[in-house]
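Position chain B against the provided structure of chain A, taking the given hints into account.
Residue numbers (our numbering), protein chains in the order written: chain A, 9 to 431; chain B, 16 to 345.
Quick caveat, the hints were computed from the structure, so don't treat them as lab data.
Every residue gets a Cβ at the ideal spot worked out from N, C-alpha and C, and that includes glycine.
Treat the hints with care, since some could be wrong.
Stretches of chain B that chain A covers, calculated by requiring three or more beta carbons in the stretch to come under 8 angstroms of a beta carbon on chain A [as the list claims (entries may be wrong)]: (1) 77-84; (2) 196-209; (3) 331-344.
Short, incomplete list of chain A residues facing chain B, as computed with Cβ under 7 angstroms [to be verified]: (4) 51; (5) 53; (6) 54; (7) 90; (8) 139; (9) 140; (10) 173; (11) 218; (12) 225; (13) 228; (14) 297; (15) 388.
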Amino acid sequence: MTERKSAPPDPSRRRLIRGALALGGAAAIPATARAAGDPAITELQPWMQYLGDGVDARPYGMPSEHEVDVVRRDVPWLTADPVSSVNFTPLHKLDGIITPNGLCFERHHGGVAEVDPAVHRLMINGLVDKPLVFTMEDIKRFPRVNRLYFLECAANSGMEWRGAQLNGCQFTHGMVHCVMYTGVPLRFLLEEAGLKPGAAWIMPEGADASAMTRSIPMEKALDDCLVAFAMNGEALRPEQGYPLRVVVPGWEGNMWVKWLRRIEVGDQPWHHREETSKYTDLMASGKARRFTWEMDIKSVITNPSPQAPITHGKGHTVLTGLAWSGRGTVDRVDVSLDGGRNWQSARIDGPSLPMALHRFYYEFDWDGAPLLLQSRAIDSAGHVQPTKKALRTARGENSIYHNNGIQTWHVLKTGEVENVEVS
Amino acid sequence: MSRCLKLAAALAALAALVVTPVMAGGLGLGREATPDEIAAWDIDVRPDGAGLPEGSGNAYDGEEIYAEKCAVCHGDFGEGAGRWPVLAGGQGTLTSDRPVKTIGSYWPYLSTVWDYVHRAMPFGEAQSLDNDEVYAITAYLLYMNDVIDDDEFELSRDSFAEVEMPNAGGFFDDMRPDTPTLAQAEPCMRDCKPGPVTILMTAKALDVTPETDEGDEPEAAPSLDPALVEAGAKVFRKCKACHQVGENAQNKTGPSLNGIVGHAAGAVAGFTYSKALAAAGQDGLVWSAAELEAFLAKPKTYLKGTKMSFAGIRKEEERAAVIEYLRSFE
Numbered sequence: 009m010t011e012r013k014s015a016p017p018d019p020s021r022r023r024l025i026r027g028a029l030a031l032g033g034a035a036a037i038p039a040t041a042r043a044a045g046d047p048a049i050t051e052l053q054p055w056m057q058y059l060g061d062g063v064d065a066r067p068y069g070m071p072s073e074h075e076v077d078v079v080r081r082d083v084p085w086l087t088a089d090p091v092s093s094v095n096f097t098p099l100h101k102l103d104g105i106i107t108p109n110g111l112c113f114e115r116h117h118g119g120v121a122e123v124d125p126a127v128h129r130l131m132i133n134g135l136v137d138k139p140l141v142f143t144m145e146d147i148k149r150f151p152r153v154n155r156l157y158f159l160e161c162a163a164n165s166g167m168e169w170r171g172a173q174l175n176g177c178q179f180t181h182g183m184v185h186c187v188m189y190t191g192v193p194l195r196f197l198l199e200e201a202g203l204k205p206g207a208a209w210i211m212p213e214g215a216d217a218s219a220m221t222r223s224i225p226m227e228k229a230l231d232d233c234l235v236a237f238a239m240n241g242e243a244l245r246p247e248q249g250y251p252l253r254v255v256v257p258g259w260e261g262n263m264w265v266k267w268l269r270r271i272e273v274g275d276q277p278w279h280h281r282e283e284t285s286k287y288t289d290l291m292a293s294g295k296a297r298r299f300t301w302e303m304d305i306k307s308v309i310t311n312p313s314p315q316a317p318i319t320h321g322k323g324h325t326v327l328t329g330l331a332w333s334g335r336g337t338v339d340r341v342d343v344s345l346d347g348g349r350n351w352q353s354a355r356i357d358g359p360s361l362p363m364a365l366h367r368f369y370y371e372f373d374w375d376g377a378p379l380l381l382q383s384r385a386i387d388s389a390g391h392v393q394p395t396k397k398a399l400r401t402a403r404g405e406n407s408i409y410h411n412n413g414i415q416t417w418h419v420l421k422t423g424e425v426e427n428v429e430v431s
Numbered sequence: 016m017s018r019c020l021k022l023a024a025a026l027a028a029l030a031a032l033v034v035t036p037v038m039a040g041g042l043g044l045g046r047e048a049t050p051d052e053i054a055a056w057d058i059d060v061r062p063d064g065a066g067l068p069e070g071s072g073n074a075y076d077g078e079e080i081y082a083e084k085c086a087v088c089h090g091d092f093g094e095g096a097g098r099w100p101v102l103a104g105g106q107g108t109l110t111s112d113r114p115v116k117t118i119g120s121y122w123p124y125l126s127t128v129w130d131y132v133h134r135a136m137p138f139g140e141a142q143s144l145d146n147d148e149v150y151a152i153t154a155y156l157l158y159m160n161d162v163i164d165d166d167e168f169e170l171s172r173d174s175f176a177e178v179e180m181p182n183a184g185g186f187f188d189d190m191r192p193d194t195p196t197l198a199q200a201e202p203c204m205r206d207c208k209p210g211p212v213t214i215l216m217t218a219k220a221l222d223v224t225p226e227t228d229e230g231d232e233p234e235a236a237p238s239l240d241p242a243l244v245e246a247g248a249k250v251f252r253k254c255k256a257c258h259q260v261g262e263n264a265q266n267k268t269g270p271s272l273n274g275i276v277g278h279a280a281g282a283v284a285g286f287t288y289s290k291a292l293a294a295a296g297q298d299g300l301v302w303s304a305a306e307l308e309a310f311l312a313k314p315k316t317y318l319k320g321t322k323m324s325f326a327g328i329r330k331e332e333e334r335a336a337v338i339e340y341l342r343s344f345e
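Next comes chain A alone, as it looks inside the complex (with noise of 0.2 angstroms):
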């Protein structure tokens, strides 16, 4: 069978947000309709009179039909193909701090490998007293943990060194996301295999078509390191490793090797692909700094946004984003509507976990006029969340990774927002 599908429809784009925007702050009800009170309330709704699916129809549950368009998108002028390439995590439609599983954003450099758990194993070799083999069923009787962690590209905001480009916090921010894992910490795997003196890095490698590798320092491995094998209480999906990934706390996505098959134990780092010619980042310069593995202090507001306009006119207006660290916790946040001239502090709702994404909200009575809407974040290591042109000044355009500059979004008066840069 040939499958041919369209792309799943965005509410961002410009024909639904007119619809949407014309409606003004009333509600869609049309004014005759509303003297004879609310359609919505004076008739009976079909699910209030017919009966619905039954318990079997469902045994995996899914979003209900009107959520459509809450799905991860792709820039398809981004990479020559969608095998080696990445999708993003709708952060305007999402609140709280857990990312649903199936909303998680993507990155494979060989696609998504479709591993079959019951061949699957983990190696473990190089400088270790016993080199082992773990089956999945080996590995889930080591003790486990529950840990909740964002995990970042550190390409997200990439696109944006140079300038304002694309017009969406998915597009600009959306390759992050949170969640429980369940795992067993590293050490324990190391610790069985016994550790030989000089085992100063480790090497996870990855069983897809690209055979992913990076170099981890010891210590960090032996820290806060786990291999996780649920997300979110289920087992990780396909497109995150299934069955069982790396968890580096903090540090930049790529190091979280998926679909993990080996580790290498070592005296010294691999310079692999993914840590020499990517996932270094280019200076002014023309050096580049290499191992930049912690992700910073960073922050953005995902409504209102470009997909997320102000639909109900001037009034009460909620206004909500992220904030993440990978050195800590964050400890505030603080939220412009002036781009970044006067600043008040936001309030940070539902737990607040060391490298997790932490969540914010600013209420506000909006008069209508345009806004130029900023936040920074500070993390509990006491680092700030520079402006764009502070990260520019260090480190030049050529950077691609690590931008965790402050986000401008313009609210035009008709509640339509655009991705900006200000003075």
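Chain B alone, transformed into the frame defined by chain A:
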């Protein structure tokens, strides 16, 4: 944050610091890996040459293998076909507006080339090259990048250290923070900028955000628009690597496209289509302007399983132009 919220946050943070279980000694889980198993999987190579296997190859032999197995995507001279990665050139561009990072201009270690080609290339047929082939291709990549100038230089475990990578000294370790921290200054809260803030740049002006709504497809013009045909001829350069049109057009990587607009899909004689396109044609797909418009925007999304390795044309005007151009070859 209010005091009460701060407290709640602190409590939540405390709750998260649950004790990690301690494991005294091993649990006796897993089994010892056999030497053959380790040999099968332990394929990595390090800058000091550790991990390099027996074997050898030179650029002269490498060129042939490259032409056969790599050039479709990376181009005959490593220039990269379409959006596929560029593998050669770029020397002297690292401080420019558009740095080109290649093996010759950027990669600090030769071992990385060997390791990566061996583990991941050719794309979609990883680990199919034997060790001699990898040595030969690696030598050719060096030759292509002017890192070596002797195409008979025999690259092997022994001669490996003789090669010097031009950008070996181009890297230094992380030195963040390089932007202000609280230790330096409390961030400004009031009147932080001298006057009202002005907009310097908008994403809209660039117009590169993917169009994800359907329904605005342009109708095909009834008669040819010469200006559009001319514009389309330029756009068609993107297709030329694989398609031909006009007199004597042949099937190449892709089928000849004479008369394709309005023609049944998957029906050019003598061309071997993917199962997906062949089936779509049998199901009655006709290349109307509207179908072509959708296909060319995002070939792989439109037709899952197509073997047209082309990312798509993102600009609507360019799609319209190339379709008009194709219409001129009826």
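Hints, verified against the model:
1. Chain A is given as covering the segment 77-84 of chain B, and this is violated because 0 residues of the stretch bring a CB closer than 8 angstroms to a CB of that chain, at least three being needed.
2. Closer than 8 angstroms: that is the beta-carbon criterion, and the segment 196-209 of chain B has 10 residues meeting it against chain A, so the requirement of 3 holds.
3. Only residues whose beta carbon comes within less than 8 angstroms of a beta carbon in chain A count, and the segment 331-344 of chain B has 0; fewer than three means the coverage is violated.
4. With a cut of 7 angstroms, the hint placing residue 51(A) at the interface with chain B is violated, because the nearest CB-to-CB distance is about 29 angstroms.
5. With its C-beta approaching chain B no nearer than about 28 angstroms, residue 53(A) sits outside the 7 angstroms limit, and its interface hint is violated.
6. A cut of 7 angstroms between beta carbons decides the hint on residue 54(A): the least distance to chain B is about 27 angstroms, and the hint is violated.
7. Taking 7 angstroms as the C-beta contact cut-off toward chain B, the hint placing residue 90(A) at the interface holds, the least distance being around 5 angstroms.
8. At about 4 angstroms, the closest approach between the beta carbon of residue 139(A) and any beta carbon in chain B falls short of 7 angstroms, and the interface hint on this residue holds.
9. Taken as an interface hint, residue 140(A) checks out: its beta carbon lies about 4 angstroms from the nearest beta carbon of chain B, inside 7 angstroms.
10. For residue 173(A), the suggested interface contact is upheld, since its CB lies about 5 angstroms from the closest CB of chain B, less than 7 angstroms.
11. The interface hint given for residue 218(A) is met, as the beta carbon of that residue sits about 5 angstroms from the closest beta carbon of chain B, less than 7 angstroms.
12. A distance limit of 7 angstroms between C-beta atoms decides the matter here; for residue 225(A) the minimum to chain B is near 11 angstroms, and the interface restraint is violated.
13. Look at residue 228(A): its Cβ only gets to about 13 angstroms from chain B, farther than 7 angstroms, so that hint breaks.
14. Among the interface hints, the one on residue 297(A) holds; its C-beta lies about 6 angstroms from the nearest C-beta in chain B, closer than the 7 angstroms criterion.
15. Because the beta carbon of residue 388(A) sits about 9 angstroms from the nearest beta carbon in chain B, more than 7 angstroms, this interface hint is broken.
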